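Novice: Hey, can you work out the whole structure from these sequences and the hints?
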Amino acid sequence: MSAVQQRGSLTQIELAGVTGLSPATISNIVKELSAAGVLATAQSVRNGRRALQVTLARNLGLVAGVRFGVRSMSVALADASMRVLAEQRMPLAADHRADAGVRRTALLVTEMIESVGASPDELLAVGVGVPVPVDPASGEVVTLGMMRGWDGVDVAALFQAELGVPVTVDNEATLAAIAEYRYGAGQGHDSVAYVRVSHGVGAGLVIGGHAVRGRAGVAGEIGHVSVDENGPVCRCGNRGCLEMLVGASSLLGMLPAGTGHLTLADLVARATNGDPGCRRVVYDAGRHLGVALANLCNIVDPAIVVVGGQLVEVGDLLLDPLRTSLGQRVVATSRGPVDVVPSELGGSAGVRGALAVALDSARSAGALGVVGS
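One point on numbering: in full-length UniProt numbering, the residue at position 184 of the sequence shown is 184, and numbering is uninterrupted.
To be clear, the hints were calculated from the coordinates, so they are not data collected in a lab.
Computed from a predicted model, the values in this text were never measured in an experiment.
Wrong hints could be hidden among the right ones.
Stated by the list, open to error - Simulated restraints on C-beta separations:
#, residue 1, residue 2, range
1, Arg329, Asn28, 55 to 63 Å
2, Gly149, Gly188, 35 to 43 Å
3, Gln187, Asn273, 26 to 34 Å
4, Gln328, Gly48, 28 to 36 Å
All C-beta atoms in this analysis are idealised placements derived from N, C-alpha and C, irrespective of residue type, glycine included.
Specialist: Pasting the structure below:
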């Protein structure tokens, strides 16, 4: 059961290989659990041969994952085996209000449930990520001015009013860290630091298999670590925050006059294609990130650092100066410098993490019955 739950979909032959059980034993177990409504089977073809595909039965329920960004939102629907059934991404207006965003997202979740031939009562739980600190106990946005229209909002309560199911709310970088730890570049490591570099800068920490959120959900807010005490005032109210050096608006503002109105995607494309100004901006961003991450590594000593977000699409143009800068500043040990790797889940990391915590919530509530066994 756990093999299907973790991998989503396997043939009976693959199940035998993963579990070490004989094909005959696997066949009997699959028949019993299919009859009980726990597993679903379907004919498929693997390597030119017919095979029986095994998944968790959808009647065990669905979970939804939502990731709000500054400029867009992503929504995914998955079954109890974390198999994504539907996914959509939509733009958001600047300074959109929380109530309007939640209402729009709830309608989208309902439409997606219908699109896969399911009914609303199959939805068991929802996970939501937002790009600001969230109180780990209440699910409320705890900061002021960092995301206009969301100050002090009880995001979980808004979603529960719309969808009527348990809702777990967290910082989206923390959710991305959970996803990379479980399914992505952080697999096999007991501690993972994830940093997202896009329109803003955020980080999430998983230590000893547990996400670190802190007293008020502010753990991992690396974008608001002060790197220049006399620097410009940040949206958080402090001076010289890392985000003021490597956030999208700051990076684009460093480009020479006459470059035109560019987006972060334009910067990434031009740097990749050899534009010297854009490459220099990316290089400096990597160097600044390395300084901030060195401080983080000297405090929590993670096994691996995973870098995600739109800016990491330039690859080693960003990661090489980041690694060099970090390596010069971390405490030297016989183990060598910490590995710094790009995200394996890319832009889906946050929403995958939201799905994961939604599934955790459904399991803890007993909504999945024997699936967790």
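Novice: Next step is simple, just say for each hint if it's right about the structure.
Specialist: Hint by hint, here is what the structure shows:
no.: 1; hint: Arg329 to Asn28: 55 to 63 Å; verdict: holds, 58 Å
no.: 2; hint: Gly149 to Gly188: 35 to 43 Å; verdict: holds, 40 Å
no.: 3; hint: Gln187 to Asn273: 26 to 34 Å; verdict: holds, 33 Å
no.: 4; hint: Gln328 to Gly48: 28 to 36 Å; verdict: violated, 54 Å
Checked against the numbered hints given earlier, this structure breaks only hint 4.
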